[in-house]
Amino acid sequence: MIPADIVALAGVESTLPVLQSGTSFLDGLGQFLSPEALVSVFVEGLAKSAIYVMIAAGLSLIFGLMGVLNFAHGTLTMIGAYLAGIVMVVLVGGATGQWGRVLAFFGALAVVFVLVGGFGGLVEVGLIRKLYDRPPIAQILLTFGVALVLEELARIIVLFYGLQPTSEWQEALGTKPAVLATRHSLGPLSIRGLALFEILLGFLTVVGIWAFLTRTRYGLFIRAGSEDAEMAEALGIDVRRVFTVVFALGAGIAGMAGAVLMWDQIWGANVPLAAETLLPAFVVVIIGGLGTFRGTVVGAIVVGMVDAVTTWWFVNVVTWTWLPDVAVFLVLVGMLILRPQGLYGVEEVGGH
Amino acid sequence: MTLLEVDGVQTYYGESHILEGVSLEVEEGEVVALVGRNGVGKTTTLRSVLQLTPPREGSVRYRDEELVGLRTHEVADRGVGWIPEDRRIFSQLTVEENVRVAVPDGEDADESVAFAFETFPELDSHRGRDAGTLSGGQQQMLAIARGLVGENDLLLVDEPSEGLAPQIVADVAQALAEASTETTLLLVEQNLPLALDLADRFYVLDNGRVVDDGDANAVSADDERLRRYLSA
Amino acid sequence: MAISSETRLVGRLNASWPVEHLRNHGVHLVVVLALVAYPGFYHLLTNSPVSAEAVAILPRMPTMIALLYFGLFAMSFDFISGYTGYLSFGHAAFYGTGAYFVILVANGKAPLLPAGTPFMVSLLLGGILAALLALAIGLVSFRLSGVYFAMITLGFSQVMYVFIRGWDYVASNPRDGPTVGSTHSEGFEIGVPYVDQLNLAIGSFSGEEVELFGHTLGTYTTSFYMVGLVVLVSYFALQRIVHSPFGRVMVAIRDNEERAEAVGYNTLVYKLGAFVISGFFGGIAGGLFAGYARSVTPENTFYFLTAGDALLASIIGGFGTLAGPLYGHLFDETIREFLSNAGLGGGLLPYLRQRLGEGVLGTEIFGGLTVEGFITAALNGHAALYVGLVFVLFVLYLPNGILGTLRQWLGGPVSKRVPELLRGLR
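Protein chains in written order, with our numbering: chain V, 1 to 352; chain B, 353 to 584; chain H, 585 to 1010.
None of these hints come from the bench; they were simulated from the model. These numbers come from a predicted model, not from an experiment. Ideal Cβ placement from N, Cα and C applies to all residues, glycine included. Worth double-checking, as some hints may not be accurate.
As the list claims (entries may be wrong) - Here are the simulated lysine to any residue pairs, SDA-like style, with alpha carbons at most 20 Å apart:
#1 V:Lys130 x B:Leu422
#2 V:Lys130 x H:Thr989
#3 H:Lys1000 x H:Thr989
#4 V:Lys130 x B:Gly366
#5 H:Lys1000 x H:Glu793
#6 H:Lys693 x H:Ser879
#7 H:Lys1000 x H:Pro602
#8 V:Lys130 x V:Thr244
#9 H:Lys1000 x H:Phe820
#10 V:Lys130 x V:Asp238
#11 H:Lys693 x H:Ser766
#12 H:Lys1000 x H:Ala821
#13 V:Lys130 x H:Val976
#14 H:Lys1000 x H:Leu990
#15 H:Lys1000 x H:Val615
#16 H:Lys1000 x H:His612
#17 H:Lys693 x H:Met704
#18 V:Lys130 x H:Val974
#19 V:Lys130 x B:Arg423
#20 V:Lys130 x B:Pro406
#21 H:Lys1000 x H:Val614
#22 V:Lys130 x V:Arg240
#23 V:Lys130 x B:Thr405
#24 H:Lys1000 x H:Arg824
#25 V:Lys130 x H:Leu973
#26 V:Lys130 x B:Gly421
#27 H:Lys1000 x H:Gly750
#28 V:Lys130 x H:Pro983
#29 H:Lys693 x H:Gly750
#30 H:Lys693 x H:Glu770
#31 V:Lys130 x H:Leu982
Unchecked claim - Have a look at the derived ranges for each label pair, beta carbon to beta carbon:
#32 V:Thr214 x B:Glu459: 20 to 30 Å
#33 H:Arg939 x V:Leu330: 32 to 42 Å
#34 V:Pro188 x H:Arg759: 29 to 39 Å
#35 H:Leu719 x B:Asp359: 51 to 61 Å
#36 B:Glu459 x H:Leu719: 53 to 63 Å
#37 H:Lys1000 x V:Thr214: 53 to 63 Å
#38 H:Arg759 x B:Arg408: 54 to 64 Å
#39 H:Trp993 x V:Leu330: 39 to 49 Å
#40 V:Thr214 x B:Gly458: 21 to 31 Å
Generate the whole structure from the sequences, applying the supplied hints.
Here's what the structure looks like:
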C-alpha cells in the first residue's frame, strides 16, 4: 500500500490542473471521465497490476502446491530490491548510457532470480521440510519467524553500510535511465516511462509463468501436485522436490519484483518494503483465489485498478487519506464474505 | 514368481490401529481380490503397500525388494500403480494431460498417450477437455488408462465400481479384464460378483486381519464363508 | 497409585477447604507472589553490589507493566487461537478498540459518556465494545477455517488500522494517534469508582504514590500492582472458562471439529462465544495500555504486527496454555530490553562498559570493527533478530513452547502436577 504522503508522487496526475478538495462529486466525475484521466488511470492501474502480479505470483504458486502461506514473501521481495540495487550501483556509472542501464537491469534481474530463488530453495529444504508432518499452520508460523529474522538481518546490514533502513535507497534509484525516469507525452497524455516498463515486465512474467506451467513437463507436475499432491506422488512424481523447486521459483519471482520496485520512487528499496508488499500480495492472492495462477492474474488486475482509481479520486477530489488502502482491503473483506475461495479458487487447496 | 508379499503389516492412522497383521501374496499375472466390509482396512492395505500410510510393523516386498521405508514415488517408479477410490483424476488438467502426467520419465509420452486413446476410444473425443467435466464412468476409464501407461507391473485398484451405474460397471469390468492380460491386479471391491468374476484368488479382510482366502473360481457370491464376513 | 473413592472422600473431609484450595492453586500462588515481590526484589538488587548485573538483566518496571497488559492481550489471543485452533491474526482490532475507546472517553469524544467517567467504567465498556466487534467479525469469519479465517480477520483489522489512521475525529493528527488531554489530567484510577480510598491511579507521571510501612511505592510500582490486579482477575476468569465444559468443547473443536459437530455440539455458537470472550479481554488489555500510557498510536494498537507479537509470545510460551503467552512475552521483553539501544536501565553495552571497561570495548576484532562497534551494529536494538531466531527454533523443535513442553514433561498442567509430585515425594 502506498503511504499517504507519498501518494502525491503517484503518477496519476493528468495535464489538467489539480482540483481542490471539496469539489463536488459530479465535477470530480466529470473530470474522471475525461480521456486524459481515464487513460492515465488505466495505465497506472495496469502498472500497479503488473507489480502486484509479480509480488503475488510466487505466493500463489507456493500456497497452491504446498498449502504454505509464505509470510516471508515480502521479505524476499525486499531482499531482491536491495540486491538489485547493489548490482546496479556497482555496474552503472555516471557515463553509462540509457540502454546500457537497461541491459544492466536485466542482468540484475537474472542475478536476483538466481540468488533469491536459490535462497528460497535452501529455506525449503533446510527448514520447511522439517515440518511436513505437521499441520500447514506450523509452516506458516515458520515463515513468519523467518521473515522476522531476515528483516532484522537486512536492517543490520543496511545500517552497517551507512544507509537508512526506512528511507528509499536514493543511489539505487539514481541508476535509472532517463527514459524510464521521466514522463512521456503522447498528445495530451502524460505517462510515466517506468509505468510502461513495469507493464512490460509484468506481462513477460505472466507469459513466462503461464508457458512454464502449461507447456513444460515440470509445469504439469506442479499443476497436478497443486490439485492432489498425494495422487501425484503415487504416479511417480517426487513431490518433495517439486515443493523445493516451486518454493525457489516463487522466491525468485518475488525477488525480481523487488528489483523492479527498487527503481520505482513510490516504493523504493527499503526495509519496510517487506510489509508494504506482503499485505497487497495476500489481498491479491485471496481475491483471485489461493492457489490458482489465473486467479492471481485477475486478482492483480482487480486490485491494481481499484488502487489506481481510488488513488486518482483521493489525489484529485476527495480528501479521505485512507481511501486507496481501505478500498482494497474492503474488496478483500467483501470477497471473503461473498466467495471465500476467491474468484477462481477451489475449495481444497494444497497439502502433502 | 511372487510379485508382492505382504507380511504381518500393522498400520495406524494416528492412534487408530487399522491393520493388525495383514499377510497376503500376489503372483505375477494373477488377479487377486481383497474383499470385506466397509472400514475393515482394505484401502489401508493398499496405502500401506504404496507407503502412503507406511506400516509401523511388518514387511512389504515387491519383486523381493523391501518397500517399507521407501517414498511413495519410489514405489511407483518400481512399477506399482494405484487406481484409487474416487478415481482422483486431476480435474483441472485436460484428459490428455492426465494421461501424460502418468507416463514415467524416459518413456515416449506421445506414444503412450496414443496407446491410451486407442485402448479407450471414448476418451479420445474428450482429450482436450478438462477432466473434471467427464462422467463418473469416463473418469474411471481415465484412471485405468493412467494406470496402464505408467508401465506398472502391479496395479492396486480400489473400488472401481463404486458409484457407477450397472451398465458402466460392465464396461469397467471389461477394461479391467483386458488390463489383467497385461499386468497383475490387486483388486479391492465391495461388489462381490464383480470381484469373483475378475479374480483368480481372493482374500477376506475382517477387523484389520486376513481371515480367509481361496480360489475365486471355486466359490460363488452366495457362499456361506463369504456372507459371514461381508454382511453389513 | 489408585486411591479409592472412600479414601478420597475421607481425605476431603479431613483437609479443610482453604488447604485444599491452596493445594490446587499452589503454583498460581507462587507465581503471583513472585510478581508481587518483583518491584521490591528489583529495587533491592539494583541497589546492591550486583546492581550492574541486575540493571542489565532484570526488566525495568515500565517493561513489567507493559508485560502485564500485553500479556493479557497475548492470553486472550491464546484463548481463541490456542484452544479452538482458529488463529486470530486480526486480534489487534480488539486491543485497539479498547485502547482508543478509553482515550476517546477521557477526551470527551465518546457519545453519552462524560470525560470524567471512571476508568473502570470506560475500561469495561471498551471491553464490551471489543466483544461486540468480535461478534460481528466472527459471524462473518467463522464460515471459513484455517488460513482463510486467519486472513479474513487480518483483513478486518487492517481495514480498521487504515481507517483509524486517517480519521480526524480521534486525534488532531490521526497518524500519531490520540493522547489524553486536559479533560482528564488526573491519572486513570483502578479500583472501586468514586471511593477514593479504594482506588489508585496509574500512569508513569499521573499515577499515585503510596506510603506503605514507611516505604514510598512509586508510580511505577502502584501502576504495576493495580494493572496486575485487573490482569490477575482476568486471568482467573479465563482460566475458569477454559476448565469448564465450555472450555472442553473448545478443545474438542480444535482436535476434531467434525467429530464435535457429529456428537451434537453447535460448534458455531461455541466458536463465536470463545471469540467474543477473547475479544472482550483483548479490549480490556488495550484499555489498560491506554490507561497507563495515556497515548497510543495506530501502529502499537491496530497494526497487524501487534497480533504478531502475541503470536510470538504464544509460540515461545506455549499455545493452549493460557499462562504460557505471559511467560513468552516476558522472554521477548527481557531480551529486547537487554539488547535495547536506549541503554536506559539496562542493556548489554552499559553493563559491559562498567564491568569490562572501555579498553575491552575498544578492542578490535577484525578490519577496524571494535567490540563496541560489533555490539552496536549486530546486537543493540536488534533484539528482533534473536527473538525471531528463538521463535523459529521453537516452531521447529519445541512447538509446545516453554509451558507446553513443561506440561508434557510433567504429564499435566503445572498447577496440578507439581503438588501431586511433591506429595509423592513425601
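Cross-check of the supplied hints:
no. : hint                             : result
1   : V:Lys130 x B:Leu422              : holds (18 Å)
2   : V:Lys130 x H:Thr989              : holds (19 Å)
3   : H:Lys1000 x H:Thr989             : holds (15 Å)
4   : V:Lys130 x B:Gly366              : holds (19 Å)
5   : H:Lys1000 x H:Glu793             : violated (38 Å)
6   : H:Lys693 x H:Ser879              : holds (15 Å)
7   : H:Lys1000 x H:Pro602             : holds (16 Å)
8   : V:Lys130 x V:Thr244              : holds (12 Å)
9   : H:Lys1000 x H:Phe820             : holds (15 Å)
10  : V:Lys130 x V:Asp238              : holds (16 Å)
11  : H:Lys693 x H:Ser766              : holds (13 Å)
12  : H:Lys1000 x H:Ala821             : holds (18 Å)
13  : V:Lys130 x H:Val976              : holds (12 Å)
14  : H:Lys1000 x H:Leu990             : holds (12 Å)
15  : H:Lys1000 x H:Val615             : holds (14 Å)
16  : H:Lys1000 x H:His612             : holds (10 Å)
17  : H:Lys693 x H:Met704              : holds (17 Å)
18  : V:Lys130 x H:Val974              : holds (16 Å)
19  : V:Lys130 x B:Arg423              : holds (16 Å)
20  : V:Lys130 x B:Pro406              : holds (18 Å)
21  : H:Lys1000 x H:Val614             : holds (13 Å)
22  : V:Lys130 x V:Arg240              : holds (11 Å)
23  : V:Lys130 x B:Thr405              : holds (18 Å)
24  : H:Lys1000 x H:Arg824             : holds (14 Å)
25  : V:Lys130 x H:Leu973              : holds (16 Å)
26  : V:Lys130 x B:Gly421              : holds (17 Å)
27  : H:Lys1000 x H:Gly750             : violated (49 Å)
28  : V:Lys130 x H:Pro983              : holds (12 Å)
29  : H:Lys693 x H:Gly750              : holds (16 Å)
30  : H:Lys693 x H:Glu770              : holds (17 Å)
31  : V:Lys130 x H:Leu982              : holds (13 Å)
32  : V:Thr214 x B:Glu459: 20 to 30 Å  : holds (21 Å)
33  : H:Arg939 x V:Leu330: 32 to 42 Å  : violated (56 Å)
34  : V:Pro188 x H:Arg759: 29 to 39 Å  : holds (36 Å)
35  : H:Leu719 x B:Asp359: 51 to 61 Å  : holds (58 Å)
36  : B:Glu459 x H:Leu719: 53 to 63 Å  : holds (59 Å)
37  : H:Lys1000 x V:Thr214: 53 to 63 Å : holds (59 Å)
38  : H:Arg759 x B:Arg408: 54 to 64 Å  : holds (59 Å)
39  : H:Trp993 x V:Leu330: 39 to 49 Å  : holds (48 Å)
40  : V:Thr214 x B:Gly458: 21 to 31 Å  : holds (22 Å)
Hint compliance for this structure: hints 5, 27 and 33 are not met, and every other hint is.
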